[in-house]
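J.: Each chain, written out:
Protein chains: 2
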Amino acid sequence: MTENELSTLGEFGLIRRIQQQAGTARHLIKGIGDDCAVQIQQPEQELLTSTDLLIEGVHFNRRWISMEQLGRKAAAVNISDIAAMGGTPQSLFFAVGCPQKLSVVEIEDLSRGFLAEAEHYGAVLAGGDTCRSPGPLFLSVTVQGVIAAGSAIFRQGARAGDAIYVSGALGDSALALRLLQQGKSPPADLLARHLTPQARVTLGQLLSRQQLASALIDISDGLLADLGHILEDSAVGADLELECLPLSDAFRNLLAADRIVIDLALAGGEDYELLFTSAHQNLAGCADFSPPVTRIGSIRPGSGISIYQANRSLYHCSRGGFDHFT
Amino acid sequence: MTENELSTLGEFGLIRRIQQQAGTARHLIKGIGDDCAVQIQQPEQELLTSTDLLIEGVHFNRRWISMEQLGRKAAAVNISDIAAMGGTPQSLFFAVGCPQKLSVVEIEDLSRGFLAEAEHYGAVLAGGDTCRSPGPLFLSVTVQGVIAAGSAIFRQGARAGDAIYVSGALGDSALALRLLQQGKSPPADLLARHLTPQARVTLGQLLSRQQLASALIDISDGLLADLGHILEDSAVGADLELECLPLSDAFRNLLAADRIVIDLALAGGEDYELLFTSAHQNLAGCADFSPPVTRIGSIRPGSGISIYQANRSLYHCSRGGFDHFT
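Protein sequences, first through last, are from chains A and B.
Take 1 as the starting number for the first sequence in my numbering and just add one per residue.
Take 327 as the starting number for the second sequence in my numbering and just add one per residue.
Derived by calculation from the structure, the hints in this document are not laboratory data.
One thing to keep in mind: the hints can contain errors.
As the list claims (entries may be wrong) - The calculated lysine to aspartate or glutamate pairs, modelled on EDC-like cross-linking and capped at a C-alpha distance of 20 angstroms, are:
| id | chain 1 | residue 1 | chain 2 | residue 2 |
| --- | --- | --- | --- | --- |
| 1 | A | K30 | B | E370 |
| 2 | A | K30 | B | E558 |
| 3 | B | K356 | A | D189 |
Keep in mind the model is a prediction, meaning the values are calculated, not measured.
Only chain A is shown next, with the shape it has when bound in the complex:
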């Protein structure tokens, strides 16, 4: 018998191993290893919680992403939901449905990546579940964070006249995925944006602390789809300037050869940048933003999104946002 096999280690052996690697935190009275995690509550703070599923063959393809990168990404994209409220991540819960063919080494790579990413954002692994999957690899991640009471930024606060901003650059992740699907090797910067996205926690905290944003969301389904969520919840419309979309050098290089690539910046998804609206018309010039933010349009009365090209004609995107069932 070899310890490399999951069936030798067993479910509880696996949990013990992960428990040994998980860190501790001041707010955590009891982490992994009981029926529940037990945590201290702070009355001046509100609790933020979000749950995400990541399913093999839907959200990721193991031909392209290593188990360690997958662990990192699972933690980061979930923490991105805390950033999208302006909060601070504290605790993660990681549930894994493992296909029988998965080795202990692969699961340890997965949990090492997950733990490293959690630590990067100051969060701790506080619990989870492991079981056998008769189908693909399934991950479910729940994140808890905190925010000063009354400071959470919702999707619903955008007002006509507000400026629309986005952090970082758009479309890199979706472009990398398209190249992978075409059997090509994406440039390293693009690939990193797809395999190991970053959660914009510091930027979100700055926006909530300084009350700079009227509405906030992270871009997971694509700029147009996620802006659509803000517009619907705020009962307003938006005008976007196509030429203002922030694009990386690598993205621009590929865009030069094929103009349709711009639709990946509009609707590709998995950017995990922050998209927000603000009464401040010139925020982008402030030096404090890391990554930088770019103004890409304005909120107007009405509904829907109009995308203007440099010549003021309307642009029609060929892609919708990602919907799991359509």
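Given chain A's structure and the hints, the job is docking chain B onto it.
T.: Below, chain B without anything else, positioned relative to chain A:
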């Protein structure tokens, strides 16, 4: 096109429908429909959190359980982890990986059962995730509850000399499952214990409020396995009295025909009864317990579990507890 098809309704249409059915609660500032749920924190309380996976072909078989029952069970078994700390459930997060063949009606049955069960325990659906599954139906549930600060009952407090108690009756769920697997129709009481188990929230609250238990766990993997978790965490051993195991009439009827059935009460799993240790030697006589509790043995120094028969000879159980990987 018919609204019966998930692809017509779409991911966001489905989320909107569930959102309309979800209730509200005083602690919940923002529920479904933003990047995170936002909740008030109470400083005199601690936060309890637990995550469970339920996977088709591993945890359930849709030939035997309706979608509504499955929704009820998913909520109840997760809430059982709050009961196992002595706490009060507050919020649930429900993530569903849907096979393409699942209809909107089936998903609504699932969520109706889930919501009804949550409401039964005073908990609210506060968030979740839905996506397509290329494999079986996958459910992931996260529950949050609260407990008076310092009152949570862990697995680790059992001491030599403590009495061991269990609530309700053991083995009904596992026996019903065995009959289903054999193609037989279980008696209605047994079947209900398997398909729609109850979380022992009121009993758990009583144990924590009156400080009656030194260690507490809910029985999901089987009496021996879950008692084993208490023993390991408390560094003690246990003597059990086989004749003292609480058994239902339906269980006794089948036991009379086949003595080996007793092993399902010892190691069958999915009882979701509370198992606890206490310095009080005669708790079972107190009238307050609903369901009643039964003393089944004692904690002793050392390690491991000795099971005594009426003639004082040792009994050897033929089954281990459930382990997902062995």
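J.: Please go over all the hints and tell whether each is borne out by the structure.
T.: Consistency of the hints with the structure:
With a C-alpha separation of about 17 angstroms, the suggested pair K30 of chain A and E370 of chain B falls inside the 20 angstroms cut-off, and the hint holds. With a C-alpha separation of about 16 angstroms, the suggested pair K30 of chain A and E558 of chain B falls inside the 20 angstroms cut-off, and the hint holds. The hinted pair formed by K356 of chain B and D189 of chain A fails the criterion: a straight-line CA distance of about 37 angstroms is larger than 20 angstroms.
Checked against the numbered hints above, the structure breaks only hint 3 and satisfies the rest.
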